[in-house]
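4 protein chains.
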Amino acid sequence: MVHKYELRVRYSDTDQMQRLHHAAYVEYLEVVRIECLRSMGFSYDALEKSGYLLPVSKLQVKYKQGARYDEVLSFETRVEVLSEIRLVFHSAVQVEDRLIATAEVELASIDANGHRPRRMPEPLLRALEEASV
Amino acid sequence: MVHKYELRVRYSDTDQMQRLHHAAYVEYLEVVRIECLRSMGFSYDALEKSGYLLPVSKLQVKYKQGARYDEVLSFETRVEVLSEIRLVFHSAVQVEDRLIATAEVELASIDANGHRPRRMPEPLLRALEEASV
Amino acid sequence: MVHKYELRVRYSDTDQMQRLHHAAYVEYLEVVRIECLRSMGFSYDALEKSGYLLPVSKLQVKYKQGARYDEVLSFETRVEVLSEIRLVFHSAVQVEDRLIATAEVELASIDANGHRPRRMPEPLLRALEEASV
Amino acid sequence: MVHKYELRVRYSDTDQMQRLHHAAYVEYLEVVRIECLRSMGFSYDALEKSGYLLPVSKLQVKYKQGARYDEVLSFETRVEVLSEIRLVFHSAVQVEDRLIATAEVELASIDANGHRPRRMPEPLLRALEEASV
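Chains as they are written, first to last, in this note's numbering: chain F, 1 to 133; chain P, 1 to 133; chain S, 1 to 133; chain B, 1 to 133.
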């Protein structure tokens, strides 16, 4: 499954190079992951409320070209389940037909209280595995 | 008492106008308030841990001139106690001898659990009142 | 004319009080102003490219209640023309039927090169004046 | 050469997990790189003014543990020159003696006007190569 989502470059996220600042991609990618989960029927908010956290454990972004203010970024995202406690989101970011960036963001499922690794809830795990195919 | 503090304009906080973005001032002002409290012997972190929160209830910023990347902003801050649960920080922001902005930020003391108004701790209140003079 | 727009609270914009950080409202308000102009047929991007900048000259936000992660903020915005070079956006921010914040943001029209005050382009000025009614 | 620098976790950079948000590390790392260059006698600001840009071309961060509000992050950074147009900053981030994160950030030297690859200025290149040893 490939999840598609669009976000527009915000003025406050540009820098004096007149491009989207590289750190802002990391925030946008988070919005995209959350919308990707929502499209699969899962609310990250509900997940946290039920005692799970999914902090980022690893992040890699390759920047190919700059993005400009007000341009619409198109994200295509695939999920990969690494284990019962780890998953990766692979995203490609385009503006029209230009590839702007690619990213891999790995998350670890932990317990909201003790912050120890915690097997993801069964329904989420199953849905992610299906989406991984 | 006037508290003085300096912060350098970060690259990530510039925008494509090639100036410090107006929202970033609000973050810088928060750093300054926290350092102002620290200079009076109070840790905002310890305050939160002891059950108080000081959220911003009102914010006013007047922007006079733009600030540029890598410039050093000099903040001069005065505290004013409005009541046992309200205080205001008045700041003037300069780059060298140019006035860049002025700000008034009002905070309300609330309980960390119920989020109800809560009289500030006695030692903090007394110190703020002394500093207000 | 009242412009309506919705934005969802981003995870990266929450703070350890578990509420939308007060500085993030300022960024959201900017997105809203730009969409308000777009709804009137004006692109802020095109405006900048034609030699105008609209930096914020004054900002006031009153925070009534906190907003939480993933909540949808509803912005209702009215424009007021102060002069040929100054305008104010008045916004009310709600989550469902709770008033979260109100804001007034004043912008000044300046020349993109010299950064001197510059009368707004005639069509924009006329449209804003009509919308002000 | 190992460059050392400290930054305190800002309140506005925490999230509702009550940890420093993962995107904020990326901004802190940029401050550290700029201070690393400054410690070697180079101003990134002056570099831009003389017609060079150093955008990030690749970014990798591994998050080991969370950092909390008001904690002081200690960055140890080494520079590696990949070519006449590419360099990498390797950083380790600690809070006291706990390793919080490691990061590799690759920059590409480009021309400020055409955004084409451009050999770094001779003095910078030489200083970076010496520091790489």
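These aren't lab readings, by the way, just hints derived from the structure by calculation.
There's no promise every hint is true.
Said to hold, decoys possible - If the Cβ cut is set under 10 Å, some of the chain F residues that face chain P in the computed set are: (1) ASP13; (2) GLN16; (3) HIS21; (4) ALA24; (5) TYR69; (6) GLU80; (7) SER83.
Backbone N, C-alpha and C define an ideal beta-carbon position, used for all residues, glycine too.
> How about GLU80(F): closest beta carbon in chain P under 10 Å, or not?
Replying inline: With a closest approach of 30 Å, the GLU80(F) hint is violated.
>> Tell me if the interface restraint on ALA24(F) is satisfied: Cβ within less than 10 Å of some Cβ in chain P.
In response: Holds. Min distance 8 Å.
>> Is the interface hint satisfied for ASP13(F)? The criterion is a beta-carbon contact with chain P at less than 10 Å.
In response: holds (8 Å)
>> For the restraint on GLN16(F), tell me whether the closest CB of chain P is nearer than 10 Å.
In response: Interface hint status for GLN16(F): holds (4 Å vs cutoff 10 Å).
> Against chain P, with CB atoms and a cut of 10 Å, does the hint on HIS21(F) hold up?
Replying inline: At 5 Å from the nearest chain P Cβ, HIS21(F) passes the 10 Å test, so the hint holds.
> Was the hint right that TYR69(F) lines chain P, CB cutoff 10 Å?
Replying inline: holds (6 Å)
>> Min Cβ distance, SER83(F) to chain P: is it shorter than 10 Å?
In response: violated (34 Å)
The structure fails hints 6 and 7 (numbered hints given earlier, in ascending order).
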